[in-house]
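Undergrad: Whenever a hint applies, use it, and build me the whole structure from the sequences.
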Amino acid sequence: MEYLLIIISAIFVNNIVLAQFLGICPFLGVSNKLSTASGMSLAVCFVITLATVVTFLINKYLLVPFGLTFLQTIAFILVIAALVQMVEIVLKKVSPSLYQALGIFLPLITTNCAVLGVAINVVTKEFTFGGEAHMLGLGEATVYAFATSLGYGLAMVLFAGIREHLAMNEVPKAFKGLPIALISVGIMALAFLGFSGIV
Amino acid sequence: MSKFSLITKGLLKENPTFVLVLGMCPTLATTTSAMNGLEMGLATMFVLILSNIVISLIAPIVPDKVHIPVYIVVIATFVTVLQLLMQAFTPDVYKTLGLFIPLIVVNCIILGRAEAFANKNGVWDSALDGIGIGLGFTLSLTVIGIVREILGSGAVFGWKFISGDGILAFVMAPGAFLVLGYLMVLFNKLAKK
Amino acid sequence: MAAKSNLTNMALVLTAVCLVCAAILGVIYVVTAEPIAAAAAAEAQASIAKVLPEGGEISEELSSDAEGVDGYFVQTDGEGAVTAYAVKSTTGGFGGPVTLMVGVLPDGTVYNTSVLSHSETPGLGAKCTEENSHFREQWKGFAGKLAVTKDGGDIDAITASTITSRAYTKAVAQAVALVKTLEE
Chain L
1 MEYLLIIISA IFVNNIVLAQ FLGICPFLGV SNKLSTASGM SLAVCFVITL ATVVTFLINK
61 YLLVPFGLTF LQTIAFILVI AALVQMVEIV LKKVSPSLYQ ALGIFLPLIT TNCAVLGVAI
121 NVVTKEFTFG GEAHMLGLGE ATVYAFATSL GYGLAMVLFA GIREHLAMNE VPKAFKGLPI
181 ALISVGIMAL AFLGFSGIV
Chain W
200 MSKFSLITKG LLKENPTFVL VLGMCPTLAT TTSAMNGLEM GLATMFVLIL SNIVISLIAP
260 IVPDKVHIPV YIVVIATFVT VLQLLMQAFT PDVYKTLGLF IPLIVVNCII LGRAEAFANK
320 NGVWDSALDG IGIGLGFTLS LTVIGIVREI LGSGAVFGWK FISGDGILAF VMAPGAFLVL
380 GYLMVLFNKL AKK
Chain E
393 MAAKSNLTNM ALVLTAVCLV CAAILGVIYV VTAEPIAAAA AAEAQASIAK VLPEGGEISE
453 ELSSDAEGVD GYFVQTDGEG AVTAYAVKST TGGFGGPVTL MVGVLPDGTV YNTSVLSHSE
513 TPGLGAKCTE ENSHFREQWK GFAGKLAVTK DGGDIDAITA STITSRAYTK AVAQAVALVK
573 TLEE
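Chains as they are written, first to last, in our numbering: chain L, 1 to 199; chain W, 200 to 392; chain E, 393 to 576.
Treat the hints as calculated values from the structure; they're not laboratory data.
Be aware that a few hints might be false.
Unchecked claim - Pairs of lysine to any residue, SDA-like flavour, derived with a Cα cap of 20 Å:
{"no.": "1", "chain 1": "L", "residue 1": "K173", "chain 2": "W", "residue 2": "A390"}
{"no.": "2", "chain 1": "E", "residue 1": "K396", "chain 2": "W", "residue 2": "A390"}
{"no.": "3", "chain 1": "W", "residue 1": "K388", "chain 2": "L", "residue 2": "P172"}
{"no.": "4", "chain 1": "W", "residue 1": "K391", "chain 2": "W", "residue 2": "L256"}
{"no.": "5", "chain 1": "E", "residue 1": "K519", "chain 2": "W", "residue 2": "L211"}
{"no.": "6", "chain 1": "W", "residue 1": "K294", "chain 2": "E", "residue 2": "A434"}
{"no.": "7", "chain 1": "W", "residue 1": "K202", "chain 2": "W", "residue 2": "V322"}
{"no.": "8", "chain 1": "W", "residue 1": "K264", "chain 2": "L", "residue 2": "K125"}
{"no.": "9", "chain 1": "E", "residue 1": "K396", "chain 2": "W", "residue 2": "K202"}
{"no.": "10", "chain 1": "W", "residue 1": "K208", "chain 2": "W", "residue 2": "K319"}
{"no.": "11", "chain 1": "L", "residue 1": "K173", "chain 2": "W", "residue 2": "L219"}
{"no.": "12", "chain 1": "W", "residue 1": "K388", "chain 2": "L", "residue 2": "L78"}
{"no.": "13", "chain 1": "L", "residue 1": "K125", "chain 2": "W", "residue 2": "K294"}
{"no.": "14", "chain 1": "W", "residue 1": "K264", "chain 2": "E", "residue 2": "N398"}
{"no.": "15", "chain 1": "W", "residue 1": "K264", "chain 2": "E", "residue 2": "A408"}
{"no.": "16", "chain 1": "E", "residue 1": "K519", "chain 2": "W", "residue 2": "G365"}
{"no.": "17", "chain 1": "W", "residue 1": "K264", "chain 2": "L", "residue 2": "L78"}
{"no.": "18", "chain 1": "W", "residue 1": "K294", "chain 2": "E", "residue 2": "K519"}
{"no.": "19", "chain 1": "L", "residue 1": "K125", "chain 2": "L", "residue 2": "E140"}
{"no.": "20", "chain 1": "L", "residue 1": "K176", "chain 2": "L", "residue 2": "L28"}
{"no.": "21", "chain 1": "L", "residue 1": "K93", "chain 2": "L", "residue 2": "G39"}
{"no.": "22", "chain 1": "L", "residue 1": "K125", "chain 2": "E", "residue 2": "D462"}
{"no.": "23", "chain 1": "L", "residue 1": "K125", "chain 2": "E", "residue 2": "N398"}
TA: What follows is the structure, encoded as C-alpha cells:
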C-alpha cells in the first residue's frame, strides 16, 4: 500500500517537472518530437533509478559514518558523471541497438538537474506519503526514484504530443517557439495541480 | 569587445534567461517572490564569477580529454563553499532556496560559460563575463519574481499593497511557466524593435 | 587553449585539482563549522523561547519514543519545579511533513506554537506560519478539544486549508499527549 502511495505521489501529485521544476532544460530541449522525447525519457528513467540507488548507498555507508555529509553535492555529481559514462560504455558493448536509441541522450543527462535533484532529495528530505514523516529506506528510495522518473517520462511524452500539434498551428510571431511552449506547460501544470492533496 | 560591453551584454543581447534560455530550473522554482529571485541570482553569480576566474587560469594546463570532469570538480567545490557560507551566515536564505543551492552545480549557465568563454579568455575578461552574465541572470530572476509576487500575493519585495490574497496560481508551479512564457514574448517583441 | 592529453598529464591534473579542491573545502568547513553550529543553536533557542513563558532554565534536548515527537525540552524554575515543556512534533500535512515547536504547560494547556518547517501550499496552507493570524492566536492558552470544528473540536481551521489545519492540530495533540504521559 505504501509503495502504491509513493508511486502515485511521485508521478502525479509531485510531478518532477510540473511541480518540482527539475530537469526543465532537457524537457524543453528535446520535446520537439515524440520519438526523441520517449528516447530521452527512457534514458533518464534508467539513470535516475541507478544513480539514486548508488548515491543512497554511498551516502549511507561512506559519507554519514565519516561525518562528510557536507561533501554530498560534490560526491554525488562525480558519481553521476562517472555512472553515466559507465552506462554508455556498457550499453555500447552489451546492447548496441539500445545504445543507438539512447546513446545521444546519455551525455546530456549528467547536467540534467533531475538526477542530482532526486539523489539529494532522497537522502536529505523527510517524506510522509500519508503516514508518519520519515527518511526513506533503500527500498522506498528505489521505488520513489523509479516512479519519479516515470513521472518525468509522462510529462515529457504528453508535452511532446502537444508540441507536435503546436508546430502545425499559426501563432503570433513573438510567441513562436519557446514562449508558446512555456505557456502550454503552464496550462499543463495547472491541470496537474488538480492532483494535489490526494496523497 | 570592450570591457564595458562584456558586462552589459548579459543584460540584453546574451541574457541567459530570455535569449540563451539556460538555467531554467532555478528560474522557475525560486522566483515565488522578488526577494527569492534576487537571492538565487546572487548565489548563482557568486559561483559563476569564481568558477570563471579559476577555469580561465587552469584551462591552459588541463588536458582536453578530462576538461569536463575538472570543470565540474571546480564548480562543485565553489557550490559547496557557498553552501557552507550560507549555512553559517544566512541560514534563513539557505532554508528558503533549499535544494536549488546544491543544484547550481548542474546549472547549465555555469558549465556553459566555462566552455564557451572562460577556457579561451584571460582572467579579467572571464571575471567580467561572469559578472555580466550573473547580473543578467539576477535581473531576469528578480523581474520574474516581481511579476509573480505582484500577481500572486499583491506585494513587491514583501511590501503588500492589497489586502487579502492575490491570484494564488501565480505563486504555485503553473504561474512560473506562464509568467516566464509571457515575459519571453514581451522580450522578443521589444528586442525586435 | 587546452593542452594535449596523455595518460600522465591527465592523471596529474585530475589528482592535483581534486587535492586542491579538497584542501579548500577542508579549510572552509573548519572555518564555518562554528558559525554553522552557532546559527543552528541560536535558531533552536529562539524557537523554544518563542513558545515558552519567559524566564526559567531550559534543559538539553531530550528524546522520546512518542508518536511524531522528534524531541522535547523541559523548562524549570530556580527550584527545579517544571514550569513548561517545548515539544518538537511532526505530522504529514498537505505538501509534506509539518514540524512544529509546541509550548505546553504541565496541566496540558498549550502556551504557544510555532512552525519549524513545512512545505504547504503558498497562500493557502502556508498561512499557518503567519504570526498574529486568528489561526495562530487561538492556540495561545488553548485547553479545549484538540480537533478542527469540522471534526467536532474547538479549532477554527484556516479557510480552504483544512488538511493543513488538521495536521497542525494533530501535531499539537501529539505534543500535549506527550506532556500528559510525562506528568503522570
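Undergrad: Take the hints in turn and mark each one as holding or not.
TA: Consistency of the hints with the structure:
With a C-alpha separation of about 13 Å, the suggested pairing of K173(L) with A390(W) holds against the 20 Å cut-off. In summary, the hint linking K396(E) to A390(W) is not supported, as the alpha carbons are separated by about 42 Å, beyond the 20 Å threshold. Taken as a hint, the K388(W) and P172(L) pair is honoured in the structure, with Cα atoms around 11 Å apart against an allowance of 20 Å. Among the hinted pairs, K391(W) with L256(W) is inconsistent with the structure: their alpha-carbon atoms are about 38 Å apart, more than 20 Å.
For the given pair, K519(E) sits about 38 Å from L211(W) by alpha-carbon distance, which is inconsistent with the 20 Å threshold. A threshold of 20 Å between alpha carbons decides the hint, and for K294(W) with A434(E) the separation of about 15 Å falls inside it, so the pair holds. At roughly 12 Å between alpha-carbon atoms, K202(W) and V322(W) fall within 20 Å of each other, so this suggested pair holds. Restraint check for K264(W) and K125(L): not satisfied, since their Cα atoms lie roughly 36 Å apart, outside the 20 Å limit.
Using a Cα cut-off of 20 Å, the hinted pair K396(E) and K202(W) is violated, with the two alpha carbons roughly 31 Å apart. Between K208(W) and K319(W) the alpha-carbon distance is near 18 Å, which keeps this suggested pair within the 20 Å criterion. For a cut-off of 20 Å, the pair hint linking K173(L) to L219(W) stands: about 18 Å separates their Cα positions. For the suggested pair K388(W) and L78(L), the alpha carbons sit about 41 Å apart, so the restraint of at most 20 Å is broken.
Note on K125(L) and K294(W): the hinted pairing holds, with a Cα-Cα distance of about 12 Å set against a maximum of 20 Å. Distance restraint check for K264(W) and N398(E): the Cα-Cα separation of roughly 9 Å lies within the 20 Å cut-off, and the hinted pair is therefore satisfied. With a C-alpha separation of about 16 Å, the suggested pairing of K264(W) with A408(E) holds against the 20 Å cut-off. Taking the CA atoms of K519(E) and G365(W), the gap is about 13 Å. The hint holds against a cut of 20 Å.
For the suggested pair K264(W) and L78(L), the alpha carbons sit about 16 Å apart, so the restraint of at most 20 Å is met. Only pairs whose Cα atoms come within 20 Å are accepted, and K294(W) paired with K519(E) is accepted, the gap being roughly 18 Å. For the proposed pair K125(L) and E140(L), the alpha carbon gap of about 13 Å is at most 20 Å, so the pair holds. Distance restraint check for K176(L) and L28(L): the Cα-Cα separation of roughly 14 Å lies within the 20 Å cut-off, and the hinted pair is therefore satisfied.
As the CA atoms of K93(L) and G39(L) are separated by approximately 19 Å, the hinted pair is consistent with the 20 Å bound. This hinted pair checks out: K125(L) and D462(E) have alpha carbons roughly 15 Å apart, not beyond 20 Å. The suggested pairing of K125(L) with N398(E) is violated, with an alpha-carbon distance near 43 Å, which exceeds 20 Å.
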